[in-house]
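Please assemble the complex out of the two chains, which come individually in their own frames, going by the hints.
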Amino acid sequence: MTYVAKPRTHHPKLPRNELGLTRRDYEGAVSTLCAGCGHDSVSAAIIQACHELSIPAHRVAKLSGIGCSSKTPTYFLGKSHGFNSVHGRMPSVATGANMANRELYYIGISGDGDTASIGLGQFAHIVRRRINMTYVVDNNGTYGLTKGQFSATNDKGSTSKKGAPNLYEPIDLAMMAIQIGATFVARSFSGDKAQLVPLLKAALKHEGFAFLDVISPCVAFNNHNGSTKSYDYVRAHTEAMAVADLIPIHDEIRIDYAPGTVEDVAMPDGSTLRLHKLHGDYDPRDRVGAMDTLMRRAQAGEIATGLLYLDDDPSDCHEILNTVDGPLASLGEAELCPGSQRLEDINAAFR
Amino acid sequence: MTVPIQAVNDFVIKFANVNGSGSASANGMFAKALFRMGIPCAPRNIFPSNIQGLPTWFEVRVSEAGYLGRREGVDLMVAMNAETYAQDVAEVRPGGFLLYDSTKPFPKTLRRDDVSLIGVPIAELILGEFPDPKQRQLFKNIVYVGALAELLEIEWAVLTGMIEEQFKGKEKLIGPNVRALEIGRGYARDYLQAPLPIRVARCDGVGDSILIDGNTAAALGFLWGGATVAAWYPITPSTSLAEAFELHAGRLRRDDASKRNRFAVLQAEDELSAIGMVIGAGWNGARSFTATSGPGLSLMQEFLGLAYFAEIPAVLVDVQRAGPSTGMPTRTQQSDLLLGAYASHGDTKHVMLLPSTPKECFDFAVEALDLAERLQTPILMMTDLDLGMNDHISLPFRWDDARCYDRGKVLDADGLDAVEKWGRYLDLDGDGIGWRTLPGTHPEKGSFFTRGTSRDEYAKYTESGEVYQRNMERLERKWATAATLVPKAEIREGSKPKACGIIYYGTSEPPMAEALLALKRQGIELDAMRIRAFPFGAEVYDFIGRHETVFVVEQNRDGQLRSLLIIEGDLDPASLVPVLHYDGMPLPAQVVERHVAEYFAAHRKPRLSEVTP
Ligand SMILES: Cc1ncc(C[n+]2csc(CCOP(=O)(O)OP(=O)(O)O)c2C)c(N)n1
Ligand code: SF4
Ligand SMILES: [Mg+2]
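So the sequence lines, in the order shown, correspond to chains U and E.
Per the numbering used here, residue 1 is the first one in the first sequence, and the count goes up by one each step.
Per the numbering used here, residue 1 is the first one in the second sequence, and the count goes up by one each step.
Just chain E, with the same shape it has in the complex (with noise of 0.2 Å):
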């Protein structure tokens, strides 16, 4: 017989569910719980692409040392959903648990004899209970949280006090919800062994976090950097983000007299039309932005190469998913890196922010509305499935009263009078940025016409060679400008130097931390570099001069920051390499771990520890 799992706050547990049954928020509730007890825990909606009938899944990584990444196998899993058990308890590590509603039997043929079983008749329990079928299928999610509470500990006080935040101002529902997780407890009590060896316990290792998606936090960003006109098109994974613009700008962006909007929102007809409405606002002088996915980054090709060209602020978020075309649309990548990059024909290539945390998806929305009208051009926040639908444990936002929106060089009509001549894209001081002029500012001066035809620096149209050329030059310049003001990269290398080094960025990191100490112990010790923004800054090249050989993290098939790394750096390919994952879930470390140490093995690489005795 194998011997049970025994951790305390360091498991996996994983809900199987079915779509539609109301599972999003017990599971949600039974994450929270642990954040509020103080446990770090990474939360992971692995949902289908439909809206009721299909298997869904909730994983949950606790982990009191702070790895948050996905880690391989399950060690309980709750498998609500008897269509999938054979998938469910194969997922099982061996002397794990695996708890399901016992009113029908645990399939013979399925059974484990390295798994253990835990029997909960739920459907049985609340029979008698709740009259209403509607509200039985919603109580029985509450059911299998309240056994949960029994069986790992988790502090009575805690759930009760969400149900109770959570129905506020619908006091009815309390007395039925709190009751569902009784009866849930009840019976762990009185049938089961509780607790399990798996189990949680109170610590201090979230401290001031907060717990929240990266589409929420993006969207707060846009709001506190003061953008006022948002267009996008419904796709998955980026509707939450625009809906919740929405959903706090009407709270917190009304004239508190006339009960009027500081805002615009509308949702477009497609894509293309949605970043149209952001150039156009932007054009104006409007901060705008739009949220999309791959197919709608797509779609936005001919207008991103107008705005770049033209020299229009404008600001996209591109929360990824799994490509190519409607792949896997409700599956986690780093797919459209190169499409971001080089968007529209031409030579065009565009500035991307690339967050790895709420945190940062907040900061660089702020960031990337004043980039775009400092630059003059389309700012892409690359994000995906994973940082934006699901919660994290993040550092709280903060804001400094102080800081003024950088609204980049714009002449009003004083400045008009001031200056002896002007050309919209005359470059006076070679950061490659000309002065812009607004619409409506001056009876006599400033007027001028935006086209995505080549023109002169006085913005009149030319089909000179020679004046084409000097524009495109310009605007070389002005992406050497880009490369010194986005986010740098962030570098963790010990004192001593080593030969190898590791690139990654996004939603790689929080495996990361975990890979290196896993590779470390194997006698394998790497400097890593956190990319953070595109065009790469002096520091990134630096980094790889630095090291013999690197290797690329990212979660597509065919190394795209890597080529990115290549074209742009003109590096040698056999300096970069790749290390992939791309099948649609979040990237566990132990991927990392393994192909790292497969290429030391295979390179014959010597480890640290052959070298330094």
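Same shape as in the complex, but just chain U (with noise of 0.2 Å):
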């Protein structure tokens, strides 16, 4: 599963940022995910957007939590900081490090077991505390690390790795961030890259709580009766290789459509996604609006995608606290001490 490393020389053609970096600039360590794994599509589109807006990259913290979407912040933007924190709680640690330096960009990398399941408490408060970072799920319906049992985001009556279906109401995270306060909600897919690059950088501009689910499939767990490519029938189907741990290798999903349209898309597990991409015409700073759009899209057996919710003037949580300007981290002791004289008032009062 891991590729050779590419040699980091520049290609002389490789078009230059302001900064005059090429994306190979941008890029991290070589990925360890599944061939064809939707993550990867999202890292590409991460180290794209990045070199687009021409961000420095060490002035990008990345934070995970835990799950193969979670590991992906080893595999862009290789001259950031990074920290894979624990399952479910990457929420509070970036809330932590945003607070001691407001100075950085945040991105933050989640799961849909990670975000959805185990951090969903922690995914509501950073939402209402609007920390000013981006944070994106690799929406895949399952847990991809521990071997495909569903998430809270799997539509009820898709069939599981052992086929048994699911039977509970799926959380829509964005749904979810809009009604709780976000100020900038969009939906894409991994592989649609002219819609997800250009929704990652307006996300990485918005200075406030961005949050983008990006449905990014898992190649790994696929287990449709009917598919060639399901777990099951490639083991069936693959005598000399009958072991249970095999992967099937499979290719990148990518679409393109335009906006207003509506795009079938064939997932690894067989079933279909129908994704609506909303209209040049649609009004994201309505919140009701895109609340009420995304019920009757859902009611309709499709996704809207797209840019679903701007708030165009957002405030943060250090605009919330009233923090001085520049890093907390970097006060030292003339700013942060109030000196012994100070420390007498303070024993004066206590006798």
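Incorrect hints may appear among the rest.
Computed far set for chain E versus chain U, every beta-carbon distance over 12 Å [to be verified]:
1) Val-8
2) Asp-208
3) Arg-253
4) Asp-255
5) Ser-258
6) Gly-327
7) Leu-485
8) Leu-580
9) Ala-597
Simulated pairs of lysine-lysine, PhoX-like, Cα-Cα distance not exceeding 25 Å [to be verified]:
10) E:Lys-488 <-> U:Lys-79
11) U:Lys-79 <-> U:Lys-193
12) E:Lys-488 <-> E:Lys-478
13) E:Lys-488 <-> E:Lys-498
14) E:Lys-421 <-> E:Lys-445
15) E:Lys-409 <-> E:Lys-460
16) U:Lys-79 <-> E:Lys-445
17) U:Lys-79 <-> E:Lys-460
18) E:Lys-170 <-> E:Lys-134
19) E:Lys-478 <-> E:Lys-421
20) U:Lys-79 <-> E:Lys-409
21) E:Lys-496 <-> E:Lys-520
No lab work stands behind these hints: they were computed from the structure.
Ideal Cβ placement from N, Cα and C applies to all residues, glycine included.
Shown next as structure tokens:
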């Protein structure tokens, strides 16, 4: 599953951004995810977005929880500090980091298990607190890293690796984010670069909490009886390699469709996602309208994609807490310590 | 007839009230008045887990000799809660006194021949004075303070001075409050025999001390120590620590020109989130802390393991209360010691600081911030409800303006340019501590991936058992370094060697001097050591090694400090004798005295008086 490392030699023809850097300067370590995993496409889109925005990579902090998705910060922006924390708790770590230094870009990467199950509480509260960051969920409807259990974003009725149908209602994270107060909410598909890259760029530039729900197929845990891509099918038909842990090589699923149109995407698990790219005249500034659209599209069996909601004048947690400009982390004794005289005053007040 | 107790500046007074009736401030005023008369005293609030309606008590140990641990038995009971009369009268020592509201008679069946009843018709006295029923409730409390002023000879100017201070800016309230005091005093003067055989008298027992609770002290320590990010989730008895930090930071940490804060306080959604925030802030270079109690510490386990293994500075205060589970949430204990020491799965262990006084809460809070950054690991400051929430007489806080914060090994951009080859987890000087870098420092150098998975010296993910083990061994070296940096144990040994020693820590300190003196009177002399931190320094094991038998005093059922000493020092369990107290109340000297004396009796240990004529 590991690719051979590409030497980091600069192709003279690679386009350079305002910092004189090429895309390759924004890459990270070689991915160890399954070939064709949607998460790698998201990483590629992040690389492209940061390159195009000419963001100095060292001014970005990457944070994640645990899961295949949460591993991906290693695979982009190698010159950024990264923090792979614990399962479902990236939001609190990102919050603390952001409190310490408001001047960096923060990219949080999570999975649907990480955010919608174990971390649902932290997710809700980071949205409420309006931490200035870009929060991406690589949403594959499954627990990739623990091998294919249902996640809470999976549609009711779809089948799992073992063939059991999902019995529970799905959580729509984008809907939740809008409802709790996110000022930027978008949804896209990992393989839809034309849509995802501009959304990521807008999210990075958004000075508040930006949430991106990115549908990102897991190619390893696909189990549709009729599908030749299914786990069972491949196992049964690959006699020489009939081992339980065989993961079929899969191609990245790419799509490109126009605003206002609907695209059916065949997923590795044999299901079909019907994506509805919001039309150019959709008004993302209407919060109630956004929730209405999401629900109506869902009722029609479609998933609305695009910029779902935007508040052009966002506030962030530092504004709420009225903190000083500049990083709290770089304040020294002179700014922080009230000194001996003040302490004598305190002593006097307790006599 | 029992002879009434006679005592000046040496008694225990206990107030029995109803929670939510406003008694806390009146009782606090009583204690502070004694403090201001120079009399050493130790107030202790014994409160229910309830907002209104349940019984609550406030106990003050008054001791000119400076014995400020809890003492068993009550000399004067101020019984303001008819519901608990039976229990309250039973606690009074023979020859003691009980003051009650005689608007209604004291039940005949509860009367004791050996306890003098003092009736003050409080409700009746104020009925005509204060028309507003809410005011009446509040002033009831002030009236008994006024009566006590006469009965115990508390200086009047001290009391009225405190009322004036308290209502500065709300002068309208001064008159009625003083009036309530006068009503109580007047009744006692006219109808009671004052002063009582127990009373107070100004003395010179407190010097320049202050009267403050440990939570406020720790909060101030964090403020002076440069903490900028505080994250917490409400839980008794730690809540007031975070609140005190926010209050004082709001006053002392605001940029004068912009009126903006040089701190951020976040009330998290739970303790998991609180410690996550602290770790995120620490990773990003800010000094950060959280305060919690047992249930919160339980929730924080996974994150603490991450901070230990990924080597991130974090500071946590555990204001311990009686467990297990919700236990007795408003009672004190030292029962989280093992949980703190080895918090989280895998081979983890954590540095713990064990303060005994508000002054140490302040100093150790500052120290904790330094140690966290020096050692790049969580520092747990273990206090308890008694220390955290009760006022204690403490040495005043001191600050040396020349003191610099120890920010530990952090490479800045110049440093990164200067080093040949940098690896986050390379141990260059044998102390087990690598150089860390902060996000945003250098465009080309110093970035790395922080993770809870195993990695090599260059922060690269690895599943190599050899590399993993090497890293774990380096963490052991760091642990050894920690043992040299944490506060040393305080040892009290006489010039001649003694066969037995006694070890204690935290809030077991106040009763200890009294216990040791009482034991000495029985011919039992002990060397004493107060442990102030974990890992234990060499001095701790030297002390144990010098003594045949060592008692370990602690406020939990399982002898957790004793276990830690045995585990970490590979000691023979027989050499350490547990002295345990865990009913949720602060440790009285008498408990220590009893346990040790019984052990001596049972094991026929020669008393000093028997071996040295
Ligand atoms: C406290 C805890 N419980 C369970 C796990 C095991 N675990 C690792 S990843 C994962 C699920 C990840 O799912 P998701 O976030 O959707 O990421 P994906 O792998 O699908 O990208 C689980 C349950 C863990 N690491 N920590
Ligand atoms: S298991 Fe699924 S989510 Fe994980 S790397 Fe493979 S394809 Fe991606
Ligand atoms: Mg997933």
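*Taking the shortest Cβ-to-Cβ distance between E:Leu-485 and chain U, state whether it exceeds 12 Å.*
20 Å, holds
*Is it the case that E:Ala-597 keeps its Cβ farther than 12 Å from each residue Cβ in chain U?*
Holds, because the least Cβ-Cβ distance between E:Ala-597 and chain U comes to about 38 Å, which exceeds 12 Å.
_Status of the stated non-contact between E:Asp-255 and chain U (beta carbon gap over 12 Å)_ = Since the minimum Cβ distance to chain U is about 5 Å, E:Asp-255 lies within 12 Å and the statement is violated.
*Is the Cα-Cα distance between U:Lys-79 and E:Lys-409 25 Å or less?*
21 Å, holds
_Next pair to validate is E:Lys-421 with E:Lys-445; report whether the Cα-Cα distance is within 25 Å._
Satisfied, since the Cα-Cα distance of roughly 10 Å is no more than 25 Å.
_Restraint status (C-alpha distance of U:Lys-79 to E:Lys-445 at most 25 Å)_ = At roughly 7 Å apart (the allowed maximum being 25 Å), E:Lys-445 and U:Lys-79 satisfy the hint.
*asked:* Hint check: E:Lys-409 vs E:Lys-460, CA-CA at most 25 Å. Holds or violated?
replied: 20 Å, holds
*Does E:Gly-327 really sit off the interface, with its C-beta more than 12 Å from all C-beta atoms of chain U?*
Nearest chain U Cβ is 25 Å from E:Gly-327, so the label holds.
*Grab the minimum beta-carbon distance between E:Arg-253 and chain U and tell me whether it stays above 12 Å.*
7 Å, violated
*asked:* Hint check: E:Lys-170 vs E:Lys-134, CA-CA at most 25 Å. Holds or violated?
replied: 18 Å, holds
*E:Val-8 clear of chain U by more than 12 Å, beta carbon to beta carbon?*
23 Å, holds
*Do the alpha carbons of E:Lys-488 and U:Lys-79 lie within 25 Å of each other, as the hint requires?*
Violated, at about 42 Å.
In terms of the numbered hints stated before, the structure departs from hints 2, 3, 4, 5 and 10, listed from lowest to highest.
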